[in-house]
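Asker: Kindly generate the complete structure, drawing on both the sequences and the hints.
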Amino acid sequence: MKRLILTLCVAAVASSAEGVARADAKDSGTSAAPAASHGVLTKAPRLKHFVEAELPEGVKVLSKVAVVLKLSIAADGSVSAAEVAESGGAAYDEPARLAALKLAFEPAEIDGVPSAVRITYRYELSPAAKAQVAPTTAHFTGQVHDQGGKPLAGVRVELDTGESAVSGDDGRFDMPEVAPGNHPVMLSGPTFTPIGTEETFQAGKTYDASYEVQVTAVAVGAEERADFEIVVVATRLGSKVTATEVSSEQGARVAGTGGDVVKVVENLPGVARSTVGSGQLVVWGAGGQDTRVYVDGVRVPVLYHEGGFRSIVHSDLVRSVELQPGGYGSSFGRGIGGLVTVGLKPLDEKGLHGSVQLDAIDASASVRGSINDKWHFAVAGRRSHLDWVLKRFTSDDVGEFVPIPKYWDGQARVTYAPREGETLELGSLTSSDRIQRSLVASDPAESKSESKATDFSRVYFRYRRETEKETSTVTPYIGVDHSKIVSQFGALPAELRSDSNIYGLRANYQTSPESWLTVNVGLDAEVSVSSLFRGGSVLTPPREGDVRVFGQLPPDLVNADTWSVTVAGLAPYVEGDFAPLGDTLHLIPGFRVEPQVVQVSRTTPAQPGIPPVGAIREDMALDPRVALRWNATDRITAKAAFGIYHQPPQAEDLTAVFGNPKLGPATARHYLVGGAFRLTKPLSLEVTSFYSNSSGLVVRNPLASPAAGAALVQTGQGRAYGTQFLLRYDLVEHFFGWLSASLIRSERTDPDGSWRLFDFDQSFVFTALGSYDLGRGFEVGSRFRYSTGYPRTPVYAASIDERVDGYSPMFGPHNSIRIPGFYSFDVRLAKRFKFAQKSEFELYLDVQNVTNHSNAEEIVYNYNYTKRAYITGLPILPVVGGKLTW
Amino acid sequence: MVNPLRARSARRGVGRRAPALRLLWGLVLALAGCRPDTEGSASLLDAPRVLAIRSEPAEVEPRKAVQYTALYALPTADALAPALDWALCTARKPLAVAGPIALECLRPSGPSLLPLESAGDTATATLAADVCRVFGPSPPAPKPGEPAARPADPDSSGGYFQPLRVRGDDAESEYAIGFTRIACGPGSATQEQSLEFTKNYRPNENPVLDRVVVAPEADATPLSESEAEPSQVPAGERVVLRASWAECPLVASCENGGDGICGAGEDKGNCPEDCTTPHGCTGSEPYVYLDPIAQKVVPRREAMRVSWFATAGSFEHDRSGRAEADADVSFSDNTWTAPSTGSDVRLWVVLRDDRGGVGFRSYYVRTE
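If you read the protein sequences in the order shown, they are chains A and B. The first sequence begins at -4 in the working numbering and counts up by one. The second sequence begins at 16 in the working numbering and counts up by one.
Everything labelled a hint here was simulated from the structure, so no lab data went into it. Check each hint, because a few of them may be wrong.
Below, a sample of chain A positions facing chain B; criterion: calculated Cβ distance under 10 Å [claimed, not checked]:
id: 1; residue: Ala486
id: 2; residue: Arg543
id: 3; residue: Val544
id: 4; residue: Leu552
id: 5; residue: Pro697
id: 6; residue: Ser803
Label pairs and their calculated CB-CB ranges [unchecked claim]:
id: 7; chain 1: A; residue 1: Val592; chain 2: B; residue 2: Thr139; range: 55 to 61 Å
id: 8; chain 1: B; residue 1: Gln82; chain 2: A; residue 2: Glu445; range: 39 to 45 Å
id: 9; chain 1: B; residue 1: Thr139; chain 2: A; residue 2: Gly816; range: 50 to 56 Å
When the alpha-carbon atoms are kept at most 16 Å apart in a straight line, the in silico EDC-like pairs for lysine to aspartate or glutamate are as follows [to be verified]:
id: 10; chain 1: A; residue 1: Lys657; chain 2: A; residue 2: Glu728
id: 11; chain 1: A; residue 1: Lys862; chain 2: B; residue 2: Asp61
id: 12; chain 1: B; residue 1: Lys79; chain 2: B; residue 2: Asp145
id: 13; chain 1: A; residue 1: Lys345; chain 2: A; residue 2: Asp368
id: 14; chain 1: A; residue 1: Lys447; chain 2: A; residue 2: Glu490
id: 15; chain 1: B; residue 1: Lys311; chain 2: A; residue 2: Glu613
id: 16; chain 1: A; residue 1: Lys65; chain 2: A; residue 2: Glu78
id: 17; chain 1: A; residue 1: Lys443; chain 2: B; residue 2: Glu211
id: 18; chain 1: A; residue 1: Lys38; chain 2: A; residue 2: Asp71
The structure displayed is predicted, hence computed values, not measured ones. Note that beta-carbon positions come from the ideal geometry of N, C-alpha and C, so glycine has one too.
Answerer: Written as structure tokens, this is what we have:
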């Protein structure tokens, strides 16, 4: 058994050594096998000193050559033996082997004791630099050190051009010939999560950089890191403005997320806590429908499945998630709230990888792989089984009392890389949600049933081309959205069906004509053609601003309408990043022009014998936007942004019976200013203040006898303002965590013009979370959340509605009381078992609301509204699950 | 509204299960939240209350008179009934208001209130000529320079209603809102649909509660309507009460002197026996309905609801009844638990149909 442990551990660090030993453009990578006989490998060998291979005269390296060697590394770190395992060419094998014998390593340790090991080492030889007649390249050098200032050896510094270098014992690295311009710089090493930055180089000049990285205690293999390299970004102002990032490794360790990295977004500042089971995303006081969601440039209608338990994209496929609560750039629009963009991983992994996950709620699986160097694929899917579990273990009528969400989703991608820098991709996203419940009561008026179906699918094609200075991306996509809600409250029916065909195109071209200028131009087009039917009461479903109490039956009024809507928008945009002072100052102006066309099939309610008269409305949205980032010092960054945003009306509102077919776009203006401050090495503070106002919001017509086709009007206004704080302790040693706090006030106007609180206003949201690595695969994490309760309208009296034999509430000032505040303490425990190279099994226990605190989620009243009580949310909720990854 | 009784029943069921299942049930509760038991029961009459308002006739044409009767219940025999303040509400409820009536009508007086002549628990009124424009399917007259206004939406039985409000003249009294179904015809309909509707639709008839019996599956003893000779029920006893009403024929018949009901397709011309002085059925009547969703005239049956009230003891359900799909059954049961000590108890039972018709009776029970 001990032998097995040793093998597993060595396998685990094998890819770690690869990250260390890839010294520079001429260097290498490794995989290892143990030389020691017993014990646990507690430290991988790490390259300290690299030696150039001396090639025989006349032998040149015309393209990159790799010689795979088997090295025996002694307990003192010296190479005692080297043999060629895989030839790179007869002329190169022996020089590489001789050079490898001179390499020096930090010795491996087994059970904490320096020990001899054998490793597989990939020695790479690259073409020699050409002689330069005139300085056409820049010199990039610098030093990498940890948070304590200690130089770090073995850190790979890599540019987007493919050039790279590895830091030596003194932490220094050197790249003598770097193409001028802006280049993303990636730093990677075995003891920290890869980080990226960007530098600007000028021909003939030397750029001496100093990089500080946060060192972790546990070495994570490169393959492993790739699997978890998901980044959650918040408060991103623009392409060049500082973002707050959370690595996926951290995100997956946050208590309460269930391992779904996308759900970490809910813990970021500016995001309101959603009611249990709603999954609604309210950011910076904007309505959930005002925040747009994109997956790799393809707009999707929702981010989470019903109930908010899971996102609609498998985490294994997600590279990054960006939450921009406001003030985002010109390349996105059609939303007056925030923006969520989910980036998918590039498919470039070799071999076959995947995962299988199972817990009480759902099961998922993913497979990723390569067919050859040019063809890659990924398939993932998930299906809930909570309904199945409950039927097996509880009474059959559970669904009568509570909505049990049933959902599944799937993603499939195929990429083809015809040549370097070019990628073609065909992909699809699909998601389906179902909720069905019914309640049979002794009173026929209280019997109710409800079914809800929400489906969407997208198929997209993407062409991407990257060169040294330019990036072009073209993504056409098509899709269908389908939703159907059918309910029956006593004799009162309600139905809403919507079927939409979506046609979209996003094209983007980015270039850097000068070292101080990056230009982004593109086209964002989308056409949606919807057919809709709605029947039931005008007040069903309720909308923001309705004065009502939870559970109040809608008025017993019935009407119906069938209509169709086409909404088209064609938005060319341009955005420039002016950086006249290098990375110190970025000014990012942008402009977006969007002619919008809305066609409706009917402008007045159907009249027998009268053919419908449709209408076309044209609007021109002019959306200037600008962002500014100023790196005042190494520790202080200031930022500001402004933007105008337009959002077309929702097809559901363009009905002549329940809405208004003449609705136009709503408008919002976002203003924000903030700063980031590095207080100590691992501790940073980010503060952002914002103000937004919106107009043209769709509200109910307050008149007793509104004009036909005007049940909704566009007289609503909104405003939101506040400040958010993020105090963050970056991952050092075993711990990471952050405190986030948001002070936000969001308001809307009532029909009389007075301001009242937005239905989803939460004036104070506080989150504190952290995770500690206990070692040996054990992790513990916790989260504390507090949020102000949503506002509600008090009931001060009630009248008896004799027709239904029930009381009808009489209301006080609109949204003048609140549901009591929410707080919850969550804990997550996990244990990872590594059982083969690149494979592991994670067993986790995620316990929400450990203190079993009864959090009020909604206000309810007794039969005559003289007593008030609260519907409470999560009791203590432990969820056990496991995930197998290979 | 979630039925608290059902919720309690569900929790009891879980309590019998294995501990491991409680975890799952916790998850279930997490999905829906936990609903509290709110205090009080609508069926316990612990304060003066208007339990029902009946319009006679149940469906009234514009310009026609209507008589209202309120069932005003007192929790104790010695309580004094206040005088009732009656008023028709002439204001239309805004679309955005979820309640049943324009808020301006829930006031002691105002321009939207038309006081009614009343005597005790009854009042009379004459519906306005434009009542179908204000509350019905006829579009309100547009103001100069403005587009045509939106007509009112029908209820789920296709009806339109004139609201009124009633209130005791004491400070503690609640507003009670009653409705009179207006005979306005169908809303937006084709000519063929209008003809079909007019031919087959008959005005609503108030339902009549035939009787309420104790232990219907045993001796089916009728509850007493006499205060002097109340029904006897042991203290703390759980008894099943059954309220019943007339069975209504689905197809009108004029043979053998008629069935006494002027039904669909019958009129003075083809069935003078039934329609010279037309009456409807006092149970679950069949009627035709212009379905705005299906856009066609469809036959339907009235659902029947029974509201139970008592000054003491407790009912298993505040209300019971028969849904439309179950309308062939002309009774509804409820279980009443008598108070644990001897007392005189007053019971009221109110029967409502889908189209706004109301019938009621009161009973006396002595527990020993």
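Asker: I'd like to know which numbered hints this structure contradicts. Please list them from smallest to largest.
Answerer: Failing hints, ascending: 10, 15, 17.
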